[in-house]
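Protein sequence lines correspond, in order, to chains A and B.
Here this note's numbering is used: the first residue of the first sequence is 1, the next is one more, and so on.
Here this note's numbering is used: the first residue of the second sequence is 1, the next is one more, and so on.
Think of the hints as simulated: they come from the structure by calculation, not from any bench.
Check the hints yourself; a few may be wrong.
[As the list claims (entries may be wrong)] Taking lysine-lysine and the DSS-like style, the derived pairs with C-alpha atoms no more than 30 Å apart in a straight line are:
{"id": "1", "chain 1": "A", "residue 1": "LYS58", "chain 2": "A", "residue 2": "LYS69"}
{"id": "2", "chain 1": "B", "residue 1": "LYS9", "chain 2": "A", "residue 2": "LYS61"}
{"id": "3", "chain 1": "B", "residue 1": "LYS57", "chain 2": "A", "residue 2": "LYS69"}
{"id": "4", "chain 1": "A", "residue 1": "LYS111", "chain 2": "A", "residue 2": "LYS61"}
{"id": "5", "chain 1": "A", "residue 1": "LYS49", "chain 2": "B", "residue 2": "LYS9"}
{"id": "6", "chain 1": "A", "residue 1": "LYS49", "chain 2": "B", "residue 2": "LYS57"}
{"id": "7", "chain 1": "A", "residue 1": "LYS111", "chain 2": "A", "residue 2": "LYS58"}
{"id": "8", "chain 1": "A", "residue 1": "LYS71", "chain 2": "A", "residue 2": "LYS61"}
{"id": "9", "chain 1": "A", "residue 1": "LYS71", "chain 2": "A", "residue 2": "LYS49"}
{"id": "10", "chain 1": "A", "residue 1": "LYS49", "chain 2": "A", "residue 2": "LYS69"}
{"id": "11", "chain 1": "A", "residue 1": "LYS71", "chain 2": "B", "residue 2": "LYS57"}
{"id": "12", "chain 1": "B", "residue 1": "LYS9", "chain 2": "B", "residue 2": "LYS57"}
{"id": "13", "chain 1": "A", "residue 1": "LYS58", "chain 2": "A", "residue 2": "LYS71"}
{"id": "14", "chain 1": "A", "residue 1": "LYS111", "chain 2": "A", "residue 2": "LYS49"}
{"id": "15", "chain 1": "A", "residue 1": "LYS61", "chain 2": "A", "residue 2": "LYS49"}
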Amino acid sequence: AQSVSQHNHHVILSEAASLELGCNYSYGGTVNLFWYVQYPGQHLQLLLKYFSGDPLVKGIKGFEAEFIKSKFSFNLRKPSVQWSDTAEYFCAVNEENNDMRFGAGTRLTVKP
Amino acid sequence: DSGVTQTPKHLITATGQRVTLRCSPRSGDLSVYWYQQSLDQGLQFLIQYYNGEERAKGNILERFSAQQFPDLHSELNLSSLELGDSALYFCASSPSAGGLETQYFGPGTRLLVL
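Isolated chain A (complex conformation) (with noise of 0.2 Å):
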């Protein structure tokens, strides 16, 4: 079965340390590639997205993620943290037959 993996549980840095978070999917077809933020009690948001072209996505936030299809991978990427980047990540492979599935999620904590 198809699936998504973010290896990364929970992730904790110091403030402007830089952030790399892991996603690898397994399905080989077509697919577009998110990663949502899930801030401490509030719901989820689009961080950002690749659907084609330019396989280097930037998103909000200072945010970016690669697309290294030859890996199956979507690594999340921010160069130097900031304490309000503590949130759950969450990881999502939407596949052409409409079926959105998410990673686990990584928990990032970071320390002012």
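Please build the complex by placing chain B on the supplied structure of chain A, with the hints as guidance.
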């Protein structure tokens, strides 16, 4: 603000009861999706409706059902509730039934079954 609204925000009920969660999609969106987010299961896709018809089904229990009305709002009905049904239920919408587009999420309904 995504434009997707959900009511109620919080719901507390007892085991064995039945509840209805409501979702209004973004203006112009024809598809509505329901998701369940729980601590042990993570975020799971339940079901999708497109223009009033069921389009896709995920890990939805038989005790749960949904429908989409002519005005495109959707309701998720949860019956014979169990403690394990306590979760955050999200609704999302997208413009069409196509598989490859962005879904916009509502704020969620937090259900607590006692």
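Among the hints numbered above, which are violated by the structure, and what are their numbers in rising order? No numbers; nothing is violated.
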